[in-house]
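A.B. asks: Build the full structure now, drawing on both the sequences and the hints.
Residue numbering for the sequence shown follows our numbering, starting at 2 and increasing by one per position.
Everything labelled a hint here was simulated from the structure, so no lab data went into it.
Among the hints, a few may not be true.
Straight-line C-alpha distance at most 30 Å; calculated DSS-like pairs for lysine-lysine [claimed, not checked]:
| no. | residue 1 | residue 2 |
| --- | --- | --- |
| 1 | K85 | K110 |
| 2 | K163 | K290 |
| 3 | K177 | K163 |
| 4 | K163 | K214 |
| 5 | K85 | K113 |
| 6 | K72 | K51 |
| 7 | K129 | K102 |
| 8 | K113 | K214 |
| 9 | K113 | K102 |
| 10 | K290 | K119 |
| 11 | K72 | K322 |
| 12 | K113 | K5 |
| 13 | K12 | K129 |
| 14 | K322 | K113 |
| 15 | K12 | K81 |
| 16 | K113 | K215 |
| 17 | K81 | K322 |
| 18 | K215 | K290 |
| 19 | K256 | K110 |
| 20 | K51 | K322 |
| 21 | K256 | K163 |
| 22 | K5 | K72 |
| 23 | K256 | K214 |
| 24 | K12 | K177 |
| 25 | K322 | K85 |
| 26 | K102 | K85 |
| 27 | K215 | K119 |
| 28 | K129 | K177 |
| 29 | K322 | K129 |
| 30 | K119 | K163 |
| 31 | K113 | K81 |
Derived Cβ-Cβ restraints for the label pairs, each shown as a range [as the list claims (entries may be wrong)]:
| no. | residue 1 | residue 2 | range |
| --- | --- | --- | --- |
| 32 | T76 | M2 | 29 to 37 Å |
| 33 | M2 | K214 | 53 to 61 Å |
| 34 | V46 | K214 | 55 to 63 Å |
| 35 | K129 | D43 | 47 to 55 Å |
| 36 | Y313 | D90 | 39 to 47 Å |
| 37 | P28 | Q117 | 20 to 28 Å |
| 38 | P112 | D280 | 20 to 28 Å |
| 39 | E338 | G258 | 14 to 22 Å |
| 40 | S89 | E211 | 44 to 52 Å |
Idealized CB from N, CA, C, for every residue including glycine.
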Amino acid sequence: MTPKMTGDAEKAMAQVMDWLAPILREPTAERINWVLESLMADRSVTEADKILLVEAARFVMPSNYEVRFGKMLGTARATKEVMKPIYSDLNSYYTFPRLVKRESIDVGKPPKPANQMKVLAFTSGTRKDGNSDILTAEALRGARDTGADTEVIRLSELPIGKCFSTLLNESYTELKHMYPDREFKYCEYAIDRTGLDHKGYCAVGDQMPETFKKIEQADAILFSFPIYTDWETSLIANFYERWIRYEFCMGTPPKPGRRGMVIATWGSLNTRVYEDIIDHVIENLYLRKIDVVETVTNCGFVGMYSGLDENYHGIASHFPKIMEMTYLAGRSLVTGERNQKETVVETRATGQIEPVTIIPGKPVTV
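C.D. replies: So, in structure tokens, the structure goes:
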């Protein structure tokens with residue numbers, strides 16, 4: 002049964018449904034109504050108003066609808082309207098406020114002292130020296146300053162292909178043992194290597210075996226990525242598929258007890274708008290026994306140079322607090338240090354667009 006709503010709430014519900022493809026409307030409405038009924042019961046109200054309806058919808062809809070809900074309630078403006086100045090002139094582009102949010106969690110001490118930790122980072126931005134690369138480098142600098150060993154792999158430059166297996170090695174060998182006279186579809190590259198001795202070998206013949214060894218040897222894993230189309234980049238998706246399938250082909254479970262860090266960048270000036278994408282990356286890492294303890298979200302990287310400076314490097318390097326928070330997160334990844342959890346709005350003064358210098362234990366200088 003549909004909960005009783007005010008006229009404004011009914012109009013808001015209709016608007017939310019208009020945002021969705023027709024095939025998604027009925028099941029989404031059912032979930033929103035279920036949450037709305039729970040909220041109404043909890044607050045002892047018999048008729049839901051617009052504000053309560055939006056609250057229920059926020060529980061159900063992906064976080065990239067956050068700006069739309071803000072506009073619906075009159076608490077936010079359209080992204081293009083808010084960020085219009087950064088498309089008007091270079092001075093506004095460099096001085097417009099950007100957002101950075103760092104979140105960390107205490108899951109206990111790292112498995113080793115910081116100077117014995119190995120950190121392996123993967124960046125999935127397609128632009129070399131873009132914001133993903135720059136922020137990853139800053140996080141790794143923070144880790145190195147504690148004595149940790151670091152390495153970065155740019156997925157756009159990693160020569161790995163797609164996994165062509167239609168039947169993973171583990172399943173194939175079990176089926177072949179049960180039915181030796183029957184043929185099964187299998188990875189076309191490994192059709193001649195079908196015995197149990199095939200375990201540990203990736204038939205595609207690229208750099209995934211070497212990369213997997215580095216993953217296994219690492220004590221901490223860092224993933225950084227831009228969001229262009231409401232999702233993490235295809236480079237990450239392809240790497241996930243290879244990682245998971247290679248893990249099965251190896252026949253060995255992932256090593257537990259490792260720490261993780263995620264860095265994300267996007268254009269919208271809202272730190273919540275793609276939280277669900279960050280959560281998705283975190284969950285994928287957790288399935289690989291990697292516990293993400295640090296996330297750094299950076300927003301507002303669009304404009305006249307599309308988030309780059311005039312040297313075509315990531316504009317993040319011109320914002321001291323963004324760099325400092327990323328640096329500290331990299332330190333905490335390997336030390337377990339507890340420090341700030343905050344959202345920062347940073348505005349640069351006119352002309353202050355020089356690279357940032359951060360010296361551990363000293364104030365940030367530009």
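A.B. asks: Now, for every hint given, state plainly whether the structure supports it.
C.D. replies: Okay, the hints, checked on the actual structure:
With a CA separation close to 45 Å, the supplied pair K85 and K110 exceeds the 30 Å bound. Taking the CA atoms of K163 and K290, the gap is about 23 Å. The hint holds against a cut of 30 Å. Proposed proximity of K177 and K163 is supported: the alpha carbons are some 25 Å apart, at most 30 Å. The straight-line distance between the Cα atoms of K163 and K214 is roughly 18 Å, inside the 30 Å bound, and the hint therefore holds.
A distance of roughly 48 Å separates the Cα atoms of K85 and K113; the hinted pair therefore is violated under the 30 Å criterion. Distance restraint check for K72 and K51: the Cα-Cα separation of roughly 13 Å lies within the 30 Å cut-off, and the hinted pair is therefore satisfied. Taken as a hint, the K129 and K102 pair is honoured in the structure, with Cα atoms around 23 Å apart against an allowance of 30 Å. Pair hint K113 plus K214 holds up; C-alpha atoms about 19 Å apart against a cutoff of 30 Å.
About 27 Å separates the Cα atoms of K113 and K102, which keeps this hinted pair within 30 Å; it holds. Using a Cα cut-off of 30 Å, the hinted pair K290 and K119 holds, with the two alpha carbons roughly 16 Å apart. With a C-alpha separation of about 29 Å, the suggested pair K72 and K322 falls inside the 30 Å cut-off, and the hint holds. Taking the CA atoms of K113 and K5, the gap is near 57 Å; set against the 30 Å cutoff, the hint is violated.
Among the hinted pairs, K12 with K129 is inconsistent with the structure: their alpha-carbon atoms are about 46 Å apart, more than 30 Å. Simply put, K322 and K113 have alpha-carbon atoms about 29 Å apart, close enough for the 30 Å limit, and the pair holds. Taken as a hint, the K12 and K81 pair is honoured in the structure, with Cα atoms around 25 Å apart against an allowance of 30 Å. With a CA separation close to 17 Å, the supplied pair K113 and K215 stays within the 30 Å bound.
At most 30 Å may separate the alpha-carbon atoms for a hinted pair to count; K81 and K322 meet this at roughly 25 Å. Taken as a hint, the K215 and K290 pair is honoured in the structure, with Cα atoms around 15 Å apart against an allowance of 30 Å. For the proposed pair K256 and K110, the alpha carbon gap of about 17 Å is at most 30 Å, so the pair holds. For the proposed pair K51 and K322, the alpha carbon gap of about 38 Å is over 30 Å, so the pair is violated.
The straight-line distance between the Cα atoms of K256 and K163 is roughly 24 Å, inside the 30 Å bound, and the hint therefore holds. Between K5 and K72 the alpha-carbon distance is near 24 Å, which keeps this suggested pair within the 30 Å criterion. At most 30 Å may separate the alpha-carbon atoms for a hinted pair to count; K256 and K214 meet this at roughly 11 Å. Restraint check for K12 and K177: the C-alpha separation of about 60 Å exceeds 30 Å, so the hint is violated.
Note on K322 and K85: the hinted pairing holds, with a Cα-Cα distance of about 23 Å set against a maximum of 30 Å. For the given pair, K102 sits about 22 Å from K85 by alpha-carbon distance, which is consistent with the 30 Å threshold. This hinted pair checks out: K215 and K119 have alpha carbons roughly 10 Å apart, not beyond 30 Å. The straight-line distance between the Cα atoms of K129 and K177 is roughly 46 Å, outside the 30 Å bound, and the hint therefore fails.
With a C-alpha separation of about 22 Å, the suggested pair K322 and K129 falls inside the 30 Å cut-off, and the hint holds. For the suggested pair K119 and K163, the alpha carbons sit about 27 Å apart, so the restraint of at most 30 Å is met. A hinted pair counts as satisfied when its Cα atoms are at most 30 Å apart, and K113 with K81 does not qualify at roughly 47 Å. Checked against the given bound of 29 to 37 Å, the beta carbons of T76 and M2, roughly 30 Å apart, stay inside it.
Remark: the range hint 53 to 61 Å for M2 to K214 is upheld by a beta-carbon distance near 58 Å. The supplied range of 55 to 63 Å is met by V46 and K214, whose beta-carbon atoms lie about 59 Å from each other. One distance hint, 47 to 55 Å for the beta-carbon pair K129 and D43, holds here, with the actual separation near 51 Å. With their beta carbons about 19 Å apart, Y313 and D90 fall outside the hinted range of 39 to 47 Å.
Here the CB-CB span from P28 to Q117 is close to 50 Å, at odds with the stated 20 to 28 Å. Under the hint 20 to 28 Å, the C-beta atoms of P112 and D280, about 24 Å apart, fit the expected range. Between E338 and G258, the C-beta spacing of about 19 Å keeps the proposed range 14 to 22 Å intact. Taking the beta carbon of each, S89 and E211 are about 48 Å apart, inside 44 to 52 Å as hinted.
This entry does not satisfy hints 1, 5, 12, 13, 20, 24, 28, 31, 36 and 37, going by the numbered hints stated previously.
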